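Enquirer: Please construct the entire structure, taking both the sequences and the accompanying hints into account.
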Amino acid sequence: MALPFASNTTCDIYRHGNAPPANPDVAGVKIYFKEEYTKGSEANEGAASSGGTALQSQWKWTHIAFMPQGTDVRDGYTGGNISQANADFVWVPNKNQSKYLVIFVERVNRGQATDYLRVYLQRVIVPWPSNEV
Amino acid sequence: MATIGSTLNSNTTCDIYRSTNAPPANPDVAGVPIYLAPDYVGGAEHNESNQGNAWTHIASLAATTDIRDGYQGGPFLLVNPDNVYVPDKNGTKFKVILVVRKGRNTANDFKKVYLQRQTPTWPTQNI
Numbered sequence: 172m173a174l175p176f177a178s179n180t181t182c183d184i185y186r187h188g189n190a191p192p193a194n195p196d197v198a199g200v201k202i203y204f205k206e207e208y209t210k211g212s213e214a215n216e217g218a219a220s221s222g223g224t225a226l227q228s229q230w231k232w233t234h235i236a237f238m239p240q241g242t243d244v245r246d247g248y249t250g251g252n253i254s255q256a257n258a259d260f261v262w263v264p265n266k267n268q269s270k271y272l273v274i275f276v277e278r279v280n281r282g283q284a285t286d287y288l289r290v291y292l293q294r295v296i297v298p299w300p301s302n303e304v
Numbered sequence: 002m003a004t005i006g007s008t009l010n011s012n013t014t015c016d017i018y019r020s021t022n023a024p025p026a027n028p029d030v031a032g033v034p035i036y037l038a039p040d041y042v043g044g045a046e047h048n049e050s051n052q053g054n055a056w057t058h059i060a061s062l063a064a065t066t067d068i069r070d071g072y073q074g075g076p077f078l079l080v081n082p083d084n085v086y087v088p089d090k091n092g093t094k095f096k097v098i099l100v101v102r103k104g105r106n107t108a109n110d111f112k113k114v115y116l117q118r119q120t121p122t123w124p125t126q127n128i
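Order-wise, the sequence lines are chains Y and G.
For the first sequence, counting from 1, position 20 maps to 191 in my numbering; every step adds exactly one.
For the second sequence, counting from 1, position 94 maps to 95 in my numbering; every step adds exactly one.
Note that these hints are calculated values from the structure, not bench results.
Just so you know, these numbers come straight off a predicted model, no measurement behind them.
Where a beta carbon is used, it is the ideal one built from N, C-alpha and C, also for glycine.
Please note: incorrect hints may appear among the correct ones.
As the list claims (entries may be wrong) - Restricting the straight-line Cα-Cα distance to at most 16 Å, the calculated cross-link-like pairs of lysine to aspartate or glutamate (EDC-like) are:
(1) G:K113 / G:D40
(2) G:K90 / G:D29
(3) Y:K201 / Y:D243
(4) G:K113 / G:D70
(5) Y:K210 / G:E49
(6) Y:K210 / G:D40
(7) G:K113 / G:E49
(8) Y:K266 / Y:D196
(9) Y:K210 / G:D70
What the hints assert, rightly or not - These stretches of chain Y come out as covered by chain G in the derived footprint (C-beta under 8 Å, 3 or more residues):
(10) 173-184
(11) 204-215
(12) 278-284
Expert: Structure below.
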């Protein structure tokens, strides 16, 4: 299925426990990538105040990636909680650049021509200087 | 594909289980056509102080479907809510957060069900 937008970069996907310089579990995925720090912060401000910075950092997303339906990308959401120990990491545009934690994966437009995955990401590591932010 | 209300076509199916029942047993309600839509942002935004009760998806299904939530009013405490499995009992589990009826006694009469996705068996596209 096609993305609703033309891809603007790529990513490598790693299972938790796997990391560069090893080969990714899923390599060279064409994605549409955008920042969403404001919405990710707005939707998690209460969690931050009630649970402190650790909980805030657990839930907040900073970016969104649209990936083709069928991509094997996995979150650590367990139903009302997040197990970061089971979440994938996404490196944009490849394993040599910026690292993002997968917060949540959802399928959009199920069964339609523009059936794709929306992946909520939290930026983790950027090798400065960088434009991959 | 089935029509839900007067405007939606189903995009998948689900099996519904009472809280005391679970796969591999037979579901309490089997093969229900639903329109399943993701809503992670909506659930997060409206449950900022308690992400544990946030919904992640919304399902629309026929108004006559026997599906039950565990909402007890006031402070959010779910008591014996149903679980649904998409597309069937071998798929992904979602907990029922709340059931409401939309378009009551109109041509567009259906149930809107707020769901919270549970841990799936990866890899899967039933998300």
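Enquirer: Could you run down the list of hints and mark each one as holding or not?
Expert: Results for each hint:
1. G:K113 / G:D40: Judged against 16 Å, a Cα distance of about 13 Å means the pair holds.
2. G:K90 / G:D29: holds, 11 Å
3. Y:K201 / Y:D243: holds, 13 Å
4. G:K113 / G:D70: Holds. K113 of chain G to D70 of chain G sits at ~11 Å (cutoff 16 Å).
5. Y:K210 / G:E49: holds, 12 Å
6. Y:K210 / G:D40: holds, 14 Å
7. G:K113 / G:E49: Roughly 22 Å separates the two Cα atoms, so the pair is violated.
8. Y:K266 / Y:D196: Roughly 11 Å separates the two Cα atoms, so the pair holds.
9. Y:K210 / G:D70: Answer violated: K210 of chain Y to D70 of chain G is near 29 Å, above 16 Å.
10. 173-184: violated (count 0)
11. 204-215: holds (count 4)
12. 278-284: holds (count 5)
Going down the numbered hints, you'll see the structure goes against 7, 9, 10, while the others check out.
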